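Protein sequence lines, in the order shown, are assigned to chains G and S.
Counting in the UniProt record's numbering, the first sequence runs from 1 upward without gaps.
Counting in the UniProt record's numbering, the second sequence runs from 1 upward without gaps.
Don't read these hints as lab results, they were simulated from the structure.
Don't take each hint at face value.
One copy or two, it doesn't matter: identical chains are merged, so the pair holds either way.
[Claimed, not checked] List time: in silico DSS-like cross-link candidates among lysine-lysine, alpha-carbon distance up to 30 angstroms:
hint: 1; residue 1: Lys67; residue 2: Lys89
hint: 2; residue 1: Lys6; residue 2: Lys52
hint: 3; residue 1: Lys89; residue 2: Lys191
hint: 4; residue 1: Lys188; residue 2: Lys403
hint: 5; residue 1: Lys191; residue 2: Lys95
hint: 6; residue 1: Lys95; residue 2: Lys6
hint: 7; residue 1: Lys52; residue 2: Lys95
hint: 8; residue 1: Lys95; residue 2: Lys403
Quick caveat: nothing in here was measured; it's all calculated off a predicted structure.
Number of protein chains: 2
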Amino acid sequence: MYDRLKGFRDFYPEEMGSRRQVFDAMEDTAARYGFREIATPTLERTQMYVDKSGEEIVDELYAFEDKGGREVTLTPELTPTVARMFVAKQQELSKPVKWVSTRPFWRYEQVQQGRFREFYQTNVDIFGSSEPEADAEILAFAADTLRGLGMTADDFEFRVSHRDILSGLLDAFDADVDTRNAIRAVDKRAKIDEMEYIGLLEDAGLSDLQAQQFDDLITTGDLDAIADFGDEDLTAAVDNLRNVLSAAEDFGAGDVCTLSLTTARGLDYYTGVVFECFDTTGEVSRAVFGGGRYDDLIEDFGGQPTPAVGVALGDATLQLLLQRADAWPDEALQTDYYVLTVGDTRETAARVARDLRERGNVVETDVSGRSFGAQMGYADSVNAETVVIVGEQDLENDEVTVKDMVSGEQTTAPVDAFPGEFDAPTYDDFAE
Amino acid sequence: MYDRLKGFRDFYPEEMGSRRQVFDAMEDTAARYGFREIATPTLERTQMYVDKSGEEIVDELYAFEDKGGREVTLTPELTPTVARMFVAKQQELSKPVKWVSTRPFWRYEQVQQGRFREFYQTNVDIFGSSEPEADAEILAFAADTLRGLGMTADDFEFRVSHRDILSGLLDAFDADVDTRNAIRAVDKRAKIDEMEYIGLLEDAGLSDLQAQQFDDLITTGDLDAIADFGDEDLTAAVDNLRNVLSAAEDFGAGDVCTLSLTTARGLDYYTGVVFECFDTTGEVSRAVFGGGRYDDLIEDFGGQPTPAVGVALGDATLQLLLQRADAWPDEALQTDYYVLTVGDTRETAARVARDLRERGNVVETDVSGRSFGAQMGYADSVNAETVVIVGEQDLENDEVTVKDMVSGEQTTAPVDAFPGEFDAPTYDDFAE
Numbered sequence: 001m002y003d004r005l006k007g008f009r010d011f012y013p014e015e016m017g018s019r020r021q022v023f024d025a026m027e028d029t030a031a032r033y034g035f036r037e038i039a040t041p042t043l044e045r046t047q048m049y050v051d052k053s054g055e056e057i058v059d060e061l062y063a064f065e066d067k068g069g070r071e072v073t074l075t076p077e078l079t080p081t082v083a084r085m086f087v088a089k090q091q092e093l094s095k096p097v098k099w100v101s102t103r104p105f106w107r108y109e110q111v112q113q114g115r116f117r118e119f120y121q122t123n124v125d126i127f128g129s130s131e132p133e134a135d136a137e138i139l140a141f142a143a144d145t146l147r148g149l150g151m152t153a154d155d156f157e158f159r160v161s162h163r164d165i166l167s168g169l170l171d172a173f174d175a176d177v178d179t180r181n182a183i184r185a186v187d188k189r190a191k192i193d194e195m196e197y198i199g200l201l202e203d204a205g206l207s208d209l210q211a212q213q214f215d216d217l218i219t220t221g222d223l224d225a226i227a228d229f230g231d232e233d234l235t236a237a238v239d240n241l242r243n244v245l246s247a248a249e250d251f252g253a254g255d256v257c258t259l260s261l262t263t264a265r266g267l268d269y270y271t272g273v274v275f276e277c278f279d280t281t282g283e284v285s286r287a288v289f290g291g292g293r294y295d296d297l298i299e300d301f302g303g304q305p306t307p308a309v310g311v312a313l314g315d316a317t318l319q320l321l322l323q324r325a326d327a328w329p330d331e332a333l334q335t336d337y338y339v340l341t342v343g344d345t346r347e348t349a350a351r352v353a354r355d356l357r358e359r360g361n362v363v364e365t366d367v368s369g370r371s372f373g374a375q376m377g378y379a380d381s382v383n384a385e386t387v388v389i390v391g392e393q394d395l396e397n398d399e400v401t402v403k404d405m406v407s408g409e410q411t412t413a414p415v416d417a418f419p420g421e422f423d424a425p426t427y428d429d430f431a432e
Numbered sequence: 001m002y003d004r005l006k007g008f009r010d011f012y013p014e015e016m017g018s019r020r021q022v023f024d025a026m027e028d029t030a031a032r033y034g035f036r037e038i039a040t041p042t043l044e045r046t047q048m049y050v051d052k053s054g055e056e057i058v059d060e061l062y063a064f065e066d067k068g069g070r071e072v073t074l075t076p077e078l079t080p081t082v083a084r085m086f087v088a089k090q091q092e093l094s095k096p097v098k099w100v101s102t103r104p105f106w107r108y109e110q111v112q113q114g115r116f117r118e119f120y121q122t123n124v125d126i127f128g129s130s131e132p133e134a135d136a137e138i139l140a141f142a143a144d145t146l147r148g149l150g151m152t153a154d155d156f157e158f159r160v161s162h163r164d165i166l167s168g169l170l171d172a173f174d175a176d177v178d179t180r181n182a183i184r185a186v187d188k189r190a191k192i193d194e195m196e197y198i199g200l201l202e203d204a205g206l207s208d209l210q211a212q213q214f215d216d217l218i219t220t221g222d223l224d225a226i227a228d229f230g231d232e233d234l235t236a237a238v239d240n241l242r243n244v245l246s247a248a249e250d251f252g253a254g255d256v257c258t259l260s261l262t263t264a265r266g267l268d269y270y271t272g273v274v275f276e277c278f279d280t281t282g283e284v285s286r287a288v289f290g291g292g293r294y295d296d297l298i299e300d301f302g303g304q305p306t307p308a309v310g311v312a313l314g315d316a317t318l319q320l321l322l323q324r325a326d327a328w329p330d331e332a333l334q335t336d337y338y339v340l341t342v343g344d345t346r347e348t349a350a351r352v353a354r355d356l357r358e359r360g361n362v363v364e365t366d367v368s369g370r371s372f373g374a375q376m377g378y379a380d381s382v383n384a385e386t387v388v389i390v391g392e393q394d395l396e397n398d399e400v401t402v403k404d405m406v407s408g409e410q411t412t413a414p415v416d417a418f419p420g421e422f423d424a425p426t427y428d429d430f431a432e
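Required output: the full structure, derived from the provided sequences and hints.
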């Protein structure tokens with residue numbers, strides 16, 4: 001017997017059925033917003049990730065040398081791949097480009113609750129618009145997705161921040177501050193104690209007093225005071241954040257957006273608005289997912305300068321939130337009909353099954369030559385709603401038996417009229 | 001600029017839209033037959049493939065050592081993984097187990113037309129039934145899938161064969177023949193010349209005369225003559241093949257099944273009925289896909305003996321067949337509405353877009369702050385069927401403009417009644 005690799009998951013039908021409903025909800029919402037599905041390779045050159053994040057990233061990747069001597073990596077995230085794809089066809093693509101895809105990614109890291117070595121993400125990105133409406137459309141898509149899954153503003157909130165406000169403020173305190181490390185400190189703020197946090201800001205170049213003042217400003221989130229504090233770039237960033245929040249309001253996501261300048265996002269490539277989704281109850285203690293603007297990446301990848309904004313919804317934390325909100329879809333098989341054969345009735349039973357399937361129903365029938373009781377037991381195990389019994393005796397009367405599996409009631413129906421005019425015939429359609 | 005790895009593919013929206021329609025057709029058909037979706041890991045232990053196919057298989061795999069020192073492989077096919085999953089939960093699973101999944105697989109091999117290093121397969125399997133109805137259900141599923149994609153018996157045929165007939169015949173000629181190598185020779189028959197083929201049969205232990213006689217029997221496909229030729233096992237195999245073809249007839253796949261004992265399938269693990277799908281015109285010159293029965297694999301994987309039968313449809317050859325039959329879905333974006341804003345009308349335009357999306361439509365709107373002309377050009381590029389123009393002047397009259405993008409005709413509609421009672425309002429609904 002072989003074992004499954006640690007951090008990898010097998011999904012059996014019941015659980016997969018629930019996951020599929022969640023993926024479908026995300027993809028249907030994305031489709032209605034005009035995001036277009038793409039599909040991307042599982043392997044990319046390792047250099048693409050090293051250039052973006054430094055040599056040390058390789059320790060966290062499934063990186064190896066292929067049989068042709070290429071250094072390749074199981075993709076740990078989608079953004080570099082879509083940047084590569086965008087650059088490859090930049091001229092011919094009609095802008096804005098709006099892409100969506102759902103697929104697995106891989107990181108070699110410690111396995112813990114809600115974190116696996118193979119995980120799934122739905123990535124949604126817009127390339128080619130720097131307008132606040134693009135950021136707002138990403139927020140509105142994410143909000144609609146969660147609403148479509150049965151959650152409300154009581155369940156989740158988007159904490160919205162702005163990288164240029166954080167960096168502009170830091171610059172205003174001290175032009176020599178290490179902005180990147182200071183923003184990383186902000187990203188860790190909720191996970192470490194205050195001493196350590198202030199210490200990280202000091203390491204980045206702020207004095208103790210400056211660090212306290214900086215933290216006061218981002219904690220209160222007083223945008224007027226912040227705009228007054230810095231130069232025109234900071235004012236522009238404040239305006240941009242206000243415009244995005246206003247557009248999000250128009251786009252129907254206002255009720256779930258909260259200004260939160262202590263939100264920073266870990267990844268270095270963000271440039272403008274960033275946001276993270278949180279469980280309002282706090283029971284799911286870390287960010288459920290996040291996204292933001294990354295206006296420099298396409299140029300870094302050798303393309304024409306192109307603004308971009310996106311969000312990535314991961315399967316594991318989203319499942320934690322849905323389960324907390326009691327909105328995780330039921331893990332149960334669904335079957336419309338089981339067509340049960342008794343005796344030598346295969347030809348008629350197969351015709352009935354085929355006709356029901358043609359009408360779009362989920363239909364199982366016997367493929368194991370089993371007894372009446374064994375077939376009934378199986379029909380029950382797959383939660384068949386209706387069992388159609390095609391028995392030799394019934395057929396002598398040109399009838400089949402229709403049994404409602406919830407009530408247990410059964411009646412007969414003329415075999416030639418089954419399913420006949422009905423798309424989804426039930427016991428009620430034939431009961432006297 | 002980074003390049004894509006050789007043998008890997010990027011799928012942009014137009015092509016992906018067509019692929020999605022094909023995948024959906026397969027998955028919808030599978031769902032209607034009661035096959036249940038599963039999802040499986042991208043990596044498995046290399047040993048699983050070595051045990052099954054020998055050490056030399058590693059040369060064709062993306063195999064490497066992970067950071068924890070495990071020898072792992074990018075899965076080259078699904079069957080070993082589903083066998084592992086079945087064995088892991090064999091006791092609790094309700095039989096027959098019917099599973100389906102669509103995902104990529106990887107082989108390090110020469111890239112050529114219709115063959116890539118990363119390819120996609122839809123795998124459909126039944127575990128737990130040795131009855132002919134199980135084989136027939138696989139054939140019927142595959143036939144319905146191709147019909148659902150718009151093809152008919154004029155476009156494709158399933159060449160149905162039986163491993164036990166081939167091996168039983170070989171045994172009848174000479175009990176010491178190397179059955180495995182002789183069957184591999186049959187699998188190569190159509191691709192090599194006759195001399196070489198007969199030579200391979202001789203290498204496997206048949207005399208020249210026996211090889212000729214064997215080939216005559218499998219070419220004519222006279223099942224009575226074959227049954228007479230061997231022992232009761234051969235007779236049983238002939239009966240089984242007849243029963244499968246008869247069940248396939250009842251299940252509606254009779255018209256696409258052809259007896260073809262020169263079909264053998266390359267993989268060693270098949271045990272009973274095997275089949276391959278071919279283009280009837282011969283334009284696609286190799287098998288489009290294939291499947292069959294593999295009753296020994298679960299036991300080989302440490303499980304209780306369990307019969308199994310399945311089919312795997314690969315994306316690349318299926319695309320070749322669909323294109324040959326002129327049944328490949330149109331590679332074009334589809335958009336129901338573009339909501340165009342002119343002036344300061346974002347709030348109303350967003351409300352209109354949201355209402356249309358809630359009714360299930362694909363709706364894009366401006367996120368780039370563009371001019372009327374630029375928005376019209378974009379609406380055209382995404383094939384919007386209807387453009388709803390939300391202009392400042394129209395709004396002063398409480399109206400929007402509804403433009404049919406095919407005819408170019410336009411009319412106005414009351415903004416409060418749009419979309420109002422309509423799920424998918426068009427120009428015609430408002431034209432006088």
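For each hint, the structure was consulted:
{"no.": "1", "hint": "Lys67 - Lys89", "in the structure": "within (29 angstroms within a copy, 35 angstroms between copies)"}
{"no.": "2", "hint": "Lys6 - Lys52", "in the structure": "both (28 angstroms within a copy, 22 angstroms between copies)"}
{"no.": "3", "hint": "Lys89 - Lys191", "in the structure": "neither (41 angstroms within a copy, 39 angstroms between copies)"}
{"no.": "4", "hint": "Lys188 - Lys403", "in the structure": "neither (60 angstroms within a copy, 51 angstroms between copies)"}
{"no.": "5", "hint": "Lys191 - Lys95", "in the structure": "neither (39 angstroms within a copy, 48 angstroms between copies)"}
{"no.": "6", "hint": "Lys95 - Lys6", "in the structure": "between (42 angstroms within a copy, 28 angstroms between copies)"}
{"no.": "7", "hint": "Lys52 - Lys95", "in the structure": "within (25 angstroms within a copy, 50 angstroms between copies)"}
{"no.": "8", "hint": "Lys95 - Lys403", "in the structure": "between (56 angstroms within a copy, 22 angstroms between copies)"}
The structure fails hints 3, 4 and 5 (numbered hints given earlier, in ascending order).
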